[in-house]
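Throughout the sequence shown, residue numbering follows this note's numbering, covering 11 to 433 in sequence.
No lab work stands behind these hints: they were computed from the structure. Every residue, glycine too, gets a C-beta built ideally from N, C-alpha and C. One or more hints might be untrue.
Pair ranges (Cβ atoms, derived) [what the hints assert, rightly or not]:
#1 334 - 37: 48 to 54 angstroms
#2 278 - 327: 14 to 20 angstroms
#3 74 - 424: 25 to 31 angstroms
#4 215 - 308: 37 to 43 angstroms
#5 217 - 131: 37 to 43 angstroms
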Amino acid sequence: MTQAAQAAVGTMPAGDGTKGSGPAALSRPMIGVGFALVVLSYMVNAMDRQVFPPLLPNIRAEYGFSLEQGGLLATNFTLGMALAGLPAGYLLDRFRRKTVLVASIVVYSLGTMATPLATGLADMTLYRVVSGFGEGMQSAAIFAAMGAFFAHRRGLAFGVIGLGYSVGVFIAPLIGVQLMTLHGTWRSPFYLFGCAGLLIAAAALFLVKTGLTEHAAEKVVATRTYEYMPASAYNRNTVALAVHSVVSGVAIYGFLGLYPTYLISSLHYSSEQAALAMSCLGFGGMLALLGGWLGDRVDQRALLILSLLAVSAISVCIYETRASVGVQCVFAFLMGAFGLGFLYPNTNSAMQRAVRPGQIGRASGLFVTSYYGTAAFSGLLFAALVDSFGWSRAGLLQVTVLPLAGVTALCFVRTSLFNNAVR
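Work the whole structure out from these sequences, hints included.
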């Protein structure tokens, strides 16, 4: 567990019991073990998601998929995530989060292990969507549970979780390509990552205590009043943040889904070089720790706007310069830093801050649905733009111009109505 994670744990009181039960005090070691396992489970979630893009050229070659079909497969797991978001938010405000968390890990692990068994586009699409459904349930459960437990350090806690995700993004392409080379098949990484998820689900069943996952945010902030906030979870701030989430999801996931294909087909990188660039994305995403920490201390709307503008600028460099491997890795690192390290945790935590404490489950579900809903088709959209305009113009349209619409949406956000606003 990182020092930042320990700091986040140290600032918070021990958790409550499950919903409807009495309090169950947790020691700091138990909190640390449980939180570390939650972060580890999210790292495996990321590995399951990001092992697919660097293997996509080989998958396309075996099945004869077109670029559009490959782009759809690279990102359509987010459709499952979107379908899971709102139902998960509803359930998480009413049932035990730990149950949802463990079940979701099992679902996405089985979906991952089924992917290499596909016989064609239809069943591979189904397996990817099932995997995404489990990942969406897990994301909503993790961020609702940890958002409640670490209510006063929500941004930092989400940054630590984002750090775990980025480690998964960093190592998945490297491990995936190495296993494919070693075994002579792209299928083996899916079996390995799926089995890892099942093992973590079993460990979480015993080591993640309900005092950590079922903590009530209202009890942490019982001395505050929230009459100044909108009564509905679906208010001006959450709607504006949801629009921003949609835009960010389409831009970031369209980029992630086809970035290795762009490097291999347009810049003529080898599979190993493309995997290295993808890993640099994950390395940059490790700055989620810094991004989450800043989100607790500065105006979150301004931080999100600057991050979107940075993504637009970096996109120009990636698709216009035709850079060498080393320079491209620097661009990938920066895209990971702002796209994964700053945008993701702060959009998520801002959504929870835009509602009253008792509504964070619905806020978490809304984030998952808005961020991942249209992202399911972002790879297909990007591929269609490539066919029509070429890689350079497509990148400028989807990853440079589109984030500017997110900036416009963020202009309607009022941080003075957040539940952490100074009154």
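Here's how the hints hold up against the structure:
1. 334 - 37: 48 to 54 angstroms: holds, 52 angstroms
2. 278 - 327: 14 to 20 angstroms: At roughly 19 angstroms between Cβ atoms, residue 327 and residue 278 fall inside 14 to 20 angstroms, so the hint holds.
3. 74 - 424: 25 to 31 angstroms: violated, 51 angstroms
4. 215 - 308: 37 to 43 angstroms: holds, 39 angstroms
5. 217 - 131: 37 to 43 angstroms: holds, 39 angstroms
Violated hint: 3 only; the structure is consistent with all others.
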